[in-house]
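Given chain A, work out where chains B and C should sit, using these hints.
Each chain, letter by letter, is given below.
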Amino acid sequence: MQNRRDFLNLLCRGTILTGLAATTGVLAYRSVKGGNCDLGTSCNNCKKSESCDLPEAALFRQTVWQLDPTKCIQCGRCAENCVMSPSAVKVTHVYAMCGYCDLCGGYLKPDTKNISTAAENQLCPTSAIKRKFVEDPFYQYTIDEPLCIGCAKCVKGCGAFGNGSLQLQIRHDRCVNCNECSIARNCPSDAFKRVPANKPYLLQGIEAKPEEKNKV
Amino acid sequence: MKKTLALVFLVFLFTIQFMNSYGIQRFPKPEFESGYVQPETLLPNPRAEVLAILDIAVLIISLSVVSWLVIKKRNRNGVFWMSLFALAYFGFYREGCVCAIGSIQNVTLAIFDKSYLIPISAIIFFVAPLVYTLFFGRTFCAAVCPFGAMQDLVAFSPQKLGSRLNAVLGVIPYIYLGLAVIYAATGTDFIICRYDPFVGIWRFNASFGIFVFGGILLVIGIFIARPYCRFLCPYGVLLNWASRFSRKHITITPAECIQCRLCENSCPYDAIDIPVTTKNPESKGTMARKLIFITFLIPVLMLAGGWVGSKLNEPLASANAKVRLAKQILNPVTEKNQAETFEIQAFKSAGKQQRQAFAEASEVLHKFYIGSWILGGFIGLVFGSLIAGRMITKHQTDYTPNKGTCFSCVRCVDYCPVKLPLITK
Amino acid sequence: MKQKIIIISALALLLLLIIFMVKDFFFNNPGNTNPYQFELDNIRKGDSAKAVFAETQQIKTSLEEIHGIATDTSGKIYVSGKDSVAIFDAKGKTVNKFRIAGTAQCIAVSENGKIFLGIQDHIEIWNNRGEQLAKWASLGTDAVLTSIAVKGENIFIADAGQKVVYRCHIKGYLLGKIGLKDPATGVPGFIIPSPYFDLGISKDGNLWVVNPGRHSFEKYKFNGTLLSSWGKASMATEGFCGCCNPSNFAFINDSLFVTSEKAIERVKIYSADGTFLCVVATPDQFESGTKGLDLAVDKQNRILVLDPVKKMIRIFEPKK
Numbered sequence: 000m001q002n003r004r005d006f007l008n009l010l011c012r013g014t015i016l017t018g019l020a021a022t023t024g025v026l027a028y029r030s031v032k033g034g035n036c037d038l039g040t041s042c043n044n045c046k047k048s049e050s051c052d053l054p055e056a057a058l059f060r061q062t063v064w065q066l067d068p069t070k071c072i073q074c075g076r077c078a079e080n081c082v083m084s085p086s087a088v089k090v091t092h093v094y095a096m097c098g099y100c101d102l103c104g105g106y107l108k109p110d111t112k113n114i115s116t117a118a119e120n121q122l123c124p125t126s127a128i129k130r131k132f133v134e135d136p137f138y139q140y141t142i143d144e145p146l147c148i149g150c151a152k153c154v155k156g157c158g159a160f161g162n163g164s165l166q167l168q169i170r171h172d173r174c175v176n177c178n179e180c181s182i183a184r185n186c187p188s189d190a191f192k193r194v195p196a197n198k199p200y201l202l203q204g205i206e207a208k209p210e211e212k213n214k215v
Numbered sequence: 000m001k002k003t004l005a006l007v008f009l010v011f012l013f014t015i016q017f018m019n020s021y022g023i024q025r026f027p028k029p030e031f032e033s034g035y036v037q038p039e040t041l042l043p044n045p046r047a048e049v050l051a052i053l054d055i056a057v058l059i060i061s062l063s064v065v066s067w068l069v070i071k072k073r074n075r076n077g078v079f080w081m082s083l084f085a086l087a088y089f090g091f092y093r094e095g096c097v098c099a100i101g102s103i104q105n106v107t108l109a110i111f112d113k114s115y116l117i118p119i120s121a122i123i124f125f126v127a128p129l130v131y132t133l134f135f136g137r138t139f140c141a142a143v144c145p146f147g148a149m150q151d152l153v154a155f156s157p158q159k160l161g162s163r164l165n166a167v168l169g170v171i172p173y174i175y176l177g178l179a180v181i182y183a184a185t186g187t188d189f190i191i192c193r194y195d196p197f198v199g200i201w202r203f204n205a206s207f208g209i210f211v212f213g214g215i216l217l218v219i220g221i222f223i224a225r226p227y228c229r230f231l232c233p234y235g236v237l238l239n240w241a242s243r244f245s246r247k248h249i250t251i252t253p254a255e256c257i258q259c260r261l262c263e264n265s266c267p268y269d270a271i272d273i274p275v276t277t278k279n280p281e282s283k284g285t286m287a288r289k290l291i292f293i294t295f296l297i298p299v300l301m302l303a304g305g306w307v308g309s310k311l312n313e314p315l316a317s318a319n320a321k322v323r324l325a326k327q328i329l330n331p332v333t334e335k336n337q338a339e340t341f342e343i344q345a346f347k348s349a350g351k352q353q354r355q356a357f358a359e360a361s362e363v364l365h366k367f368y369i370g371s372w373i374l375g376g377f378i379g380l381v382f383g384s385l386i387a388g389r390m391i392t393k394h395q396t397d398y399t400p401n402k403g404t405c406f407s408c409v410r411c412v413d414y415c416p417v418k419l420p421l422i423t424k
Numbered sequence: 000m001k002q003k004i005i006i007i008s009a010l011a012l013l014l015l016l017i018i019f020m021v022k023d024f025f026f027n028n029p030g031n032t033n034p035y036q037f038e039l040d041n042i043r044k045g046d047s048a049k050a051v052f053a054e055t056q057q058i059k060t061s062l063e064e065i066h067g068i069a070t071d072t073s074g075k076i077y078v079s080g081k082d083s084v085a086i087f088d089a090k091g092k093t094v095n096k097f098r099i100a101g102t103a104q105c106i107a108v109s110e111n112g113k114i115f116l117g118i119q120d121h122i123e124i125w126n127n128r129g130e131q132l133a134k135w136a137s138l139g140t141d142a143v144l145t146s147i148a149v150k151g152e153n154i155f156i157a158d159a160g161q162k163v164v165y166r167c168h169i170k171g172y173l174l175g176k177i178g179l180k181d182p183a184t185g186v187p188g189f190i191i192p193s194p195y196f197d198l199g200i201s202k203d204g205n206l207w208v209v210n211p212g213r214h215s216f217e218k219y220k221f222n223g224t225l226l227s228s229w230g231k232a233s234m235a236t237e238g239f240c241g242c243c244n245p246s247n248f249a250f251i252n253d254s255l256f257v258t259s260e261k262a263i264e265r266v267k268i269y270s271a272d273g274t275f276l277c278v279v280a281t282p283d284q285f286e287s288g289t290k291g292l293d294l295a296v297d298k299q300n301r302i303l304v305l306d307p308v309k310k311m312i313r314i315f316e317p318k319k
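Residue numbers (numbering that gives the first Met the number 0), protein chains in the order written: chain A, 0 to 215; chain B, 0 to 424; chain C, 0 to 319.
Here chain A stands alone, though its shape is the one from the complex:
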């Protein structure tokens, strides 16, 4: 009786172990191969590797959450749905794209009569954007990050009137990288995705930066 029970136990244990091993093996193999990459070449020899979004050797690659600014519709949910308060999503200023405009659509309310730094003229609900004169007619705008709540109001303004140099991004010094991002599930435009941890930002226009440096 006791022997039979032990044998059955061993059998079940063996089955479960085999199952676990098989699952692990399949998943690990897939991740090593790079998921749905069906090019069949190793990453080192792949010509696409520079533009490739798939993490190389994905098995040891951690992923982090990031939002794609081209999909963002500035609905304001980032400010309210993050597990952190204030949100880990904040506006990021891509200086390389900024027009340094005097009349900044991301800084001033659209119905502003005078261009000044007066609080009632500022678009940002927390006055997190700082304006500084550079030279005629250019002004520099910087983000006071602790103040920013990620509401995207300035992003909308900059997109409408300017170049779109203000973009929402998950700031990885604040993001705790939840297994499932709680903003992602509330994002109406499906802009959140897991990205390889070695390329944790999806800013627009930031790639152009080294080239512009060369020009100077």
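Certain hints may be false.
[Stated by the list, open to error] Covered, in the sense of this in silico footprint (three residues per stretch, anywhere, with C-beta under 8 Å from a C-beta of chain C), are these stretches of chain B: (1) 210-218; (2) 313-319.
[What the hints assert, rightly or not] Taking lysine-lysine and the DSS-like style, the derived pairs with C-alpha atoms no more than 25 Å apart in a straight line are: (3) LYS347/B / LYS70/A; (4) LYS113/B / LYS32/A; (5) LYS3/C / LYS159/B; (6) LYS351/B / LYS310/C; (7) LYS112/A / LYS231/C; (8) LYS347/B / LYS202/C; (9) LYS347/B / LYS113/B; (10) LYS347/B / LYS192/A; (11) LYS366/B / LYS192/A.
[Unchecked claim] Across the chosen pairs, the derived CB separations fall in these ranges: (12) THR141/A / THR32/C: 29 to 39 Å; (13) VAL21/C / GLU39/B: 43 to 53 Å; (14) ALA117/A / GLY91/C: 44 to 54 Å; (15) GLU39/B / LEU173/C: 31 to 41 Å; (16) LYS418/B / PHE26/C: 23 to 33 Å; (17) ALA11/C / LEU261/B: 46 to 56 Å; (18) GLU39/B / LEU15/C: 45 to 55 Å; (19) THR32/C / GLY388/B: 49 to 59 Å; (20) VAL21/C / ARG163/B: 49 to 59 Å; (21) LEU10/A / LYS351/B: 45 to 55 Å; (22) ALA166/B / ASP5/A: 20 to 30 Å; (23) ASP5/A / ALA56/B: 52 to 62 Å; (24) LYS326/B / ALA117/A: 43 to 53 Å.
Note that these hints are calculated values from the structure, not bench results. It should be emphasised that the depicted structure is a prediction, and the values quoted were computed from it without experimental measurement. For glycine and all other residues, C-beta sits at the position ideal for the given N, C-alpha and C.
Just chains B and C, lined up with the frame of chain A:
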């Protein structure tokens, strides 16, 4: 390089009307004469990837140490200190992510969605506790899981619930597991993470609702020890089953049970099976009748469950974003001073076709249809087994921990008067 | 007894949590109100009262993309776009359509009927039968040509990429550069944050160039001497909004300016000295986000607005 810039710009011009919501790329750069240097856009890096290996190492070492403490040393103190460590590391330091409970969903998603590349740490957090449980019982629950550690700390006045109540409430984790798998497999949501009760406390930062949720669970935990582990935890279901086939398991007594009943009330989790000495063993006839009844009952319950589940596939699928979008396209909701929902706005600005949205939604619905049949059948099976388990009385002579539900916390060991100094030394 | 009460209340709490989870998961949709809404709609509607023009006709173009519009002395309308140029008569009937290589961002027609196209970095000259007469050399790899004006033997080319206006002889050689920053002559230099940079020649024989980053018009002699400028940055109807506006302009009644803006899509008329006169088209008449409303005025003083999103020529005339 200039050519590429120009090209990029041209491409941009071509797509102007499709990217209305988005501005035009910076063009060209202002030329500053005052020597102004453009600041760098600061982009803080996420946690170093190497630290994932540290997490794995801590997990494996903790599992090994706790298993050794439970099986070899039978030392409650050691287990207690290890649980504090787990709470500190996996709870407060790692802020509850990555965790074994949530990894069920990562694994499920990776199985069903080939484009999701699961990191090795998630696989290991899923597999390692199961493997250890197959050999040593639920030592993971004892002192590696920060959830258990957290609730263990507040179990001041645990009440006995009685076997019937335990059995009925014990069904909830199965349903939770089933739902978690179906929602992860369809790429809808990770519900386990969504209703993770303690992350807010570990992060010192969460919405009010989550704090209240965690707080209430801890209050319940004073009287009903480890309520999450026993009556919610979906990973506990897997561990429960793995533990039943474990090679070794904690025993209350190191030698022979002397039926002193001292340990009877020592378990806060009602996980000690008390001796059942049936004086009048059931006749062969009743046994056979019971068996036949059960073999009929279970398939019937599974079919009924599956049928009911399949009827519920649409409400279940309504949590999926694609299904929700399709619904909103069909029945546009107009709220006060809001012409269209953000979902519809986003859908329009993405320039997708309605046909495409409907096709995606119906694909998801189909997955849910199959999934809810399986889910319903699974729940039917669980209820069937519950009834079967209550009908068949198991013959038992000693006080033993229930291999399925015991968390290997080693509390009961201290109550056993039988000591074997020769063995422990 | 006391134990029972404790157990029952604890279980009730547990049940409450489960109900909360189910309710939250199935019945809690994220709200559709944005407390941080960017209020642009009020401004978009705001100035329709000042509109004294009405849209009288729309001409659909069959081009894939449209970028530039011009008229000639006979009243014909020329539209340039991706890989083609289309010519319409005043009633909107297609007169001719021919293919070109590349996207013509801007177009101008000389008094003798030659068509000048700015194709990214170079100029091409065609006739209205669709024959290429000349193709000039590139003005540099950074060149992005956004506007052309022809007057007699002079052709002026606006290059947004290099922030300069070229003055060329109609035969193709360079006569000079206009608008490069020079403190000695008071030329402020063009600020062009986005690729919209328009110019035109007024009846009195001077060159007017938009300096979009300064929200102003600058008046130059053909030799490059800055004569005067006007303009006001403002979100209000009277000024030019955003980072860089106006995006396009044309002359009407010899000396009045018809201007178009992006971001707040509106077409307005200013006097020669920059006094705001009236509104031609209001933002609500365009799709939100429409950029590059090129303008032309035909022989009958109708204002032709090129709508690149709706891909049509929209004709505005004063309300009766």
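Verification of the hints:
Beta-carbon proximity to chain C at under 8 Å applies to 4 residues in the segment 210-218 of chain B; the threshold of 3 is reached and the given coverage holds. Remark: the segment 313-319 of chain B is confirmed as covered by chain C, as 3 of its residues place a Cβ nearer than 8 Å to a Cβ of that chain, reaching the required three. Simply put, LYS347/B and LYS70/A have alpha-carbon atoms about 11 Å apart, close enough for the 25 Å limit, and the pair holds. With a C-alpha separation of about 11 Å, the suggested pairing of LYS113/B with LYS32/A holds against the 25 Å cut-off.
Annotation: proposed proximity of LYS3/C to LYS159/B holds, straight-line Cα distance about 10 Å (limit 25 Å). Distance check on the hinted pair: LYS351/B and LYS310/C sit about 20 Å apart at the alpha-carbon level, within 25 Å; holds. As the CA atoms of LYS112/A and LYS231/C are separated by approximately 11 Å, the hinted pair is consistent with the 25 Å bound. Between the alpha carbons of LYS347/B and LYS202/C the distance comes to roughly 45 Å, so the proposed pair goes past 25 Å and is violated.
Annotation: proposed proximity of LYS347/B to LYS113/B is violated, straight-line Cα distance about 28 Å (limit 25 Å). Annotation: proposed proximity of LYS347/B to LYS192/A holds, straight-line Cα distance about 20 Å (limit 25 Å). The straight-line distance between the Cα atoms of LYS366/B and LYS192/A is roughly 22 Å, inside the 25 Å bound, and the hint therefore holds. For THR141/A and THR32/C, the Cβ-Cβ distance of about 30 Å falls inside the hinted range of 29 to 39 Å, so the restraint holds.
A beta carbon spacing of about 48 Å between VAL21/C and GLU39/B agrees with the range 43 to 53 Å that was offered as a hint. In this structure the hint that ALA117/A and GLY91/C lie 44 to 54 Å apart at CB holds, the actual value being about 50 Å. Checking the proposed 31 to 41 Å range against GLU39/B and LEU173/C shows it holds: the Cβ atoms sit about 39 Å from each other. Between LYS418/B and PHE26/C the beta carbon distance is about 57 Å. The supplied range of 23 to 33 Å is therefore violated.
A hinted range of 46 to 56 Å is violated for the C-beta pair ALA11/C and LEU261/B, which are about 33 Å apart. At about 51 Å, the CB distance of GLU39/B to LEU15/C agrees with the hint of 45 to 55 Å. Taking 49 to 59 Å as the suggested C-beta distance range, the pair THR32/C and GLY388/B conforms, at roughly 51 Å. Checked against the hint of 49 to 59 Å, the C-beta distance between VAL21/C and ARG163/B comes to roughly 24 Å, which is inconsistent with it.
Taking the beta carbon of each, LEU10/A and LYS351/B are about 52 Å apart, inside 45 to 55 Å as hinted. Range check, ALA166/B to ASP5/A: about 27 Å between beta-carbon atoms, so the 20 to 30 Å window is met. For ASP5/A and ALA56/B, the Cβ-Cβ distance of about 33 Å falls outside the hinted range of 52 to 62 Å, so the restraint is violated. Against the hinted window of 43 to 53 Å, the Cβ-Cβ separation of LYS326/B and ALA117/A comes to about 46 Å, which satisfies the hint.
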